[in-house]
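Sequences listed follow chains A and B, in order.
Following the working numbering, the numbering of the first sequence begins with 1 at its first residue and continues without gaps.
Following the working numbering, the numbering of the second sequence begins with 1 at its first residue and continues without gaps.
Any given hint could turn out to be false.
Chain B regions said to be covered by chain A (calculated; three or more residues, Cβ under 8 Å) [stated by the list, open to error]:
#1 18-24
#2 102-114
#3 123-131
Just the calculated beta-carbon pair ranges, DEER-fashion [to be verified]:
#4 35(B) with 233(A): 49 to 59 Å
#5 35(B) with 255(A): 21 to 31 Å
#6 54(B) with 13(A): 58 to 68 Å
#7 40(A) with 92(B): 23 to 33 Å
Just so you know, these hints were derived from the structure itself, not from any lab.
The beta-carbon is built from N, C-alpha and C at its ideal position, and this holds for glycine as well.
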Amino acid sequence: MSDAPPARRSFWAVARQPRMLVVLLLLLLAAAVCGRLGVWQIDRAYERANLAAQQEAVEQEASGPAELGELLAPQEAFPGELVGREARVTGTYEPDGQMLVAGRSLDGVEGYLVLTPLRVSDDGTGGASWAELSGPPVLPVVRGWVDSPAPGPAALEVPAGEVDVTGWLQASESTARTGTVPDNPDGPPLTQDIAASALANTWDGPIYSAYAVLTSSDPAQPAAASGGPAPLPRPVLDGGTDVNLQNFFYALQWWVFGLFAVALWVRLVRDEMAGGRRERRRDRHPREGGRRDDDPVGTGIAGLPSS
Amino acid sequence: MSTEQNTPTATTDQAATAIRKARGALTRYRVLAIVTGVMLLVLCVEMVFKYLVPVQAVIDYMGWVPFAHGWIYVVYLVTVLDLWAKMRWSFGRLTTMVLAGVVPVMSFVLEKRVHADADAKLVALADRYGV
């Protein structure tokens, strides 16, 4: 170092030295690698979620419809993984309880879902799943979609007597959608949502925490082509994929590392502004031409001048 | 900074403050080096049960380990950067200190050496400034 008292240099004067710029470049490179690793973690999160969802779908497709009683008992909480699962159940439709769910679109067209209570008589357990309850349970069945609040008789007509119903399960909705529904003098009563808690008041007996989206029934209901309700697509989980949260935190971690790199550089510049000098590798290896390292003080510490 | 003489100097007060701060950084680094080293060993155990001899019960129990190690390593890095910058060490040493948090057992070994070096420097500085 020169003998002249070191004047405090500006940040810019220190920062633009080639040596400092090389250090910055290296640190930015490290930050970029960290950033990239973060993005990779996010990709992995989505990839894993997609794979898991696909796998589940394939498995459920392959296993075919299961007896409803094997999947879910009445009044039991609905496990999320049953969304889209195909279930089979036998019961009798109660056309007097039929409703239309307003504000539901199919292929971009706003319309109504035809919601019909099915009084279950056989869910594959021989009645064991409601033995402790007040009577046979009711399953809300979405039989299809109509474009008008006053659809033709074919859409509202249900097969009489015992019906074997097959449909995809979906979780009962909450009654969060507030607001009153208009009267529907020309058709069945309207509702905003398919909420078991509300439907239980309208329909008697125990109710399921799920509803079924009809795929087929025996005897069959009128086909869409002859005025029956239009079939609906298979329900999917809200949000589609269940993204692995852990990967998000790993990604965050990499970005934090990247920030460290930049913060470190600023600190190095500031220390040098204050007259600090960093130890070089050859300071510790005198044979390579540096000074002899017999002074443990070396270049000193931050906050003190380098001798 | 006082510059009455031709060689750069600092007052005893300034030296005492700088040394105290460096000592603090050294202690924080020691604690985190040990914690990170222990977490890394736990992580190794977890990986053995996850990939070499899968035991579901252990996997269920230790799912938090990789996550915890990751964030403890972040804190470790903070202490490493702080100490390294304060001690004005070389870039080579920064690399080994960063690596020590991910190579099993290395953090224990390196911490001993780092601590001895830092201590020698701080003792010599205290001597020079008469702290």
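Each hint tested on the structure:
Coverage of the segment 18-24 of chain B by chain A holds in this model, with 4 residues showing a Cβ closer than 8 Å to a Cβ of that chain against a need of three. Proximity of the segment 102-114 of chain B to chain A, defined as three or more residues with a beta carbon under 8 Å from a beta carbon of that chain, is not established by the 0 residues found. Coverage of the segment 123-131 of chain B by chain A holds. Counting CB-CB distances below 8 Å, 5 residues qualify, and the rule asks for three or more. Distance hint for residue 35(B) and residue 233(A): a CB-CB separation of about 52 Å, consistent with the stated range 49 to 59 Å.
Roughly 23 Å separates the CB atoms of residue 35(B) and residue 255(A), a value that falls within the hinted 21 to 31 Å. Restraint check, residue 54(B) to residue 13(A): a C-beta distance of roughly 59 Å satisfies the suggested window 58 to 68 Å. Our hint of 23 to 33 Å for residue 40(A) and residue 92(B) holds, since their Cβ atoms are close to 28 Å apart.
Going through the hint list in order, the structure does not satisfy hint 2, though it satisfies all others.
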